[in-house]
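There are 2 protein chains.
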Amino acid sequence: MRAAVMRNKQLVVDTLPIPEPGPGEVLVKTLACGICGSDLHALKHAEKLVEISRRSGGAFTMDLSRDIVMGHEFCAEIVDYGPETKRHLPVGTRVCSMPVLIRPNGVQTVGYSNENPGGYGEYMRLTEGLLLEVPRDLPTEHAALTEPMAVGLHAVEKARLDKDDVPLVIGCGPVGLAVIAALRLKGVRPIVAADFSPRRRQLAETLGADLVVNPAEQSPYQSWREVAVWNDPASAPQLPPWVSGPPLRPAVIFECVGVPGILDQIMAAAPQGARIVVVGVCMERDSIEPMFGINKELSLQFVLGYTREEFAATLRYIAEGKIPTAPLITGKVGVEGVAQAFADLASPEHHAKILVEPWRS
Amino acid sequence: MRAAVMRNKQLVVDTLPIPEPGPGEVLVKTLACGICGSDLHALKHAEKLVEISRRSGGAFTMDLSRDIVMGHEFCAEIVDYGPETKRHLPVGTRVCSMPVLIRPNGVQTVGYSNENPGGYGEYMRLTEGLLLEVPRDLPTEHAALTEPMAVGLHAVEKARLDKDDVPLVIGCGPVGLAVIAALRLKGVRPIVAADFSPRRRQLAETLGADLVVNPAEQSPYQSWREVAVWNDPASAPQLPPWVSGPPLRPAVIFECVGVPGILDQIMAAAPQGARIVVVGVCMERDSIEPMFGINKELSLQFVLGYTREEFAATLRYIAEGKIPTAPLITGKVGVEGVAQAFADLASPEHHAKILVEPWRS
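Protein chains in written order, with the working numbering: chain B, 281 to 641; chain W, 281 to 641.
Read the hints as simulated data drawn from the structure, not as lab findings. Certain hints may be false.
Below, computed lysine-lysine pairings styled on DSSO-like, alpha-carbon distance capped at 30 Å [said to hold, decoys possible]:
(1) W:K443 to B:K438
(2) W:K602 to W:K466
(3) W:K438 to B:K443
(4) B:K324 to B:K309
(5) B:K289 to B:K309
(6) B:K602 to B:K612
(7) W:K466 to B:K438
(8) W:K602 to W:K309
(9) B:K466 to W:K438
(10) B:K443 to W:K602
(11) W:K466 to W:K438
(12) W:K366 to W:K324
(13) W:K309 to B:K438
Please model the entire structure based on the sequences and the hints provided.
Below is the structure:
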């Protein structure tokens with residue numbers, strides 16, 4: 281099969297063997313697969329990524345001296361069934377799946393693995409029990425966004441939002457946009473969002489942010505304060521006597537940037553009692569000032585991935601039009617275009633999500 | 281009045297004017313005042329402390345070129361009333377109070393202030409509305425422990441413990457011991473605790489820890505795992521498929537050390553989904569590996585102080601014998617002994633809490 285392969289820290293196009301589905305597994309043809317920021321990071325900082333994964337129990341424990349076919353945000357089509365399968369869905373059915381294989385000896389990732397090629401190749405093998413049928417009327421390219429949008433839904437679920445909470449989304453790349461879509465779905469408003477890029481600010485508005493801020497011009501935290509004042513101060517909870525200013529609704533800040541220094545910046549600027557949900561994936565060591573956390577009694581909730589239920593719910597919400605996906609898709613390439621797409625994604629002005637369609641010639 | 285004074289980063293004994301109670305304030309005589317680890321830190325790292333307080337909205341914003349009388353863990357006796365006071369309690373009544381003055385222009389601290397001397401001096405002024413009468417049968421030295429024990433109660437309240445949670449207390453200095461006492465009060469068990477010092481481990485047991493570990497000999501996290509296995513695995517919540525090992529009850533780790541590096545260490549060793557409550561006060565920048573938080577979906581809740589209700593409840597619990605305090609008191613000194621007491625407290629083997637009794641000759 282044709283695939284965009286990570287080999288010696290480069291993306292090259294090559295022909296590889298079609299993977300064989302094992303017991304309980306299915307062979308699928310990749311219809312569309314989104315390029316994720318983590319893939320960009322994995323290509324650029326591969327050794328660092330593998331090393332930190334080994335130490336922290338992460339998924340990126342592949343052998344970099346061997347080929348890797350990345351791609352974990354996919355919609356695919358059933359081609360063939362392996363042994364010991366139930367075969368409820370006919371061959372040709374379009375499916376989504378969490379990008380993992382559940383095997384007797386444990387879980388393996390699809391797309392960050394030497395054994396299990398991801399969606400930048402023409403074929404993958406998946407676990408039958410994880411397949412979700414894509415509703416007939418849902419375009420393939422929208423179904424392919426289930427994985428990244430599920431990340432946003434999971435982050436919002438972990439935030440355990442209350443009706444009085446006012447969310448602030450820092451960073452409106454694909455992760456921040458997925459969080460905005462999930463917040464809008466949950467009806468927690470107003471949603472304040474911030475990004476330096478005009479294009480991303482526009483997307484944030486399209487996905488449902490109520491107030492979108494350019495941090496180069498105004499402080500997102502100040503903008504948040506202006507919309508978070510309690511209209512009915514009598515209903516505001518008691519704060520410690522040393523907190524000054526008007527009573528503010530509780531802050532839930534979604535960190536969707538994932539670079540060193542951003543946590544420190546958020547902790548310095550966050551209001552009293554803010555809950556910070558860390559959705560951005562910072563793969564380097566980072567430095568914080570604990571006294572910011574202490575003096576304001578901040579909390580940090582790190583999040584990762586999604587549950588099986590959240591993943592299935594996301595596909596359903598996309599099909600029902602409750603999570604918008606169309607505005608996110610800004611480009612499509614075949615396997616030959618993957619390397620250039622990686623380069624293009626470095627600029628936030630041109631693209632949000634580029635889909636790889638490996639069957640394209 | 282006689283007082284142990286912080287002057288040019290030294291503790292000296294001097295005679296200072298008796299403070300004047302303002303409107304709504306009361307003049308009290310200090311009966312006993314505990315020495316807090318924060319005071320040791322404030323003496324040693326004064327400039328750093330003031331600088332970080334200014335940046336982070338903290339309480340330590342005093343002028344180091346002028347005298348400061350520290351001491352914020354006190355029991356006192358009403359001596360005189362200032363103007364505009366209600367005078368419900370007779371002169372001579374023993375009282376505790378949160379170490380703050382509530383003034384029309386804001387809140388001021390008692391004990392980290394150039395204006396408001398703390399309990400290392402013979403007299404203080406306090407806000408009348410914050411006074412709590414000490415029950416008749418409660419010895420003064422026990423009442424003086426209300427403040428540090430309230431810190432433990434607050435940390436445990438902020439942890440929002442569930443009956444299935446298994447707490448792990450890292451560090452058994454006064455803060456860790458206060459957390460253990462509050463955990464025991466709440467009935468959340470087994471309580472696992474760890475400290476390098478034999479004396480502190482002994483105190484942890486006395487205050488109610490069920491399993492006390494010497495980290496030099498065994499990993500507190502491994503010990504925690506051994507007692508946290510679900511006896512009824514069917515009731516264990518679903519975890520992501522990539523988490524291996526037997527199902528464990530939820531971990532709530534109380535960080536009660538407060539030095540750089542300890543957060544990183546806890547995040548590296550914590551089990552999946554652990555909630556880390558940061559009670560230790562690390563006044564320096566610190567470095568963490570966000571991927572530990574991300575891969576295990578950890579949360580960090582920074583905490584500070586206590587609410588008014590928690591402070592009052594703590595005094596009540598101490599009076600009822602539900603929070604033990606006697607084992608903590610390991611020494612008493614007059615103002616002349618404060619400097620030596622600070623030096624002695626550097627060794628965990630000799631002391632837990634030393635009380636200053638400024639009236640001692």
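Failing hints, ascending?
-> 10, 12 and 13
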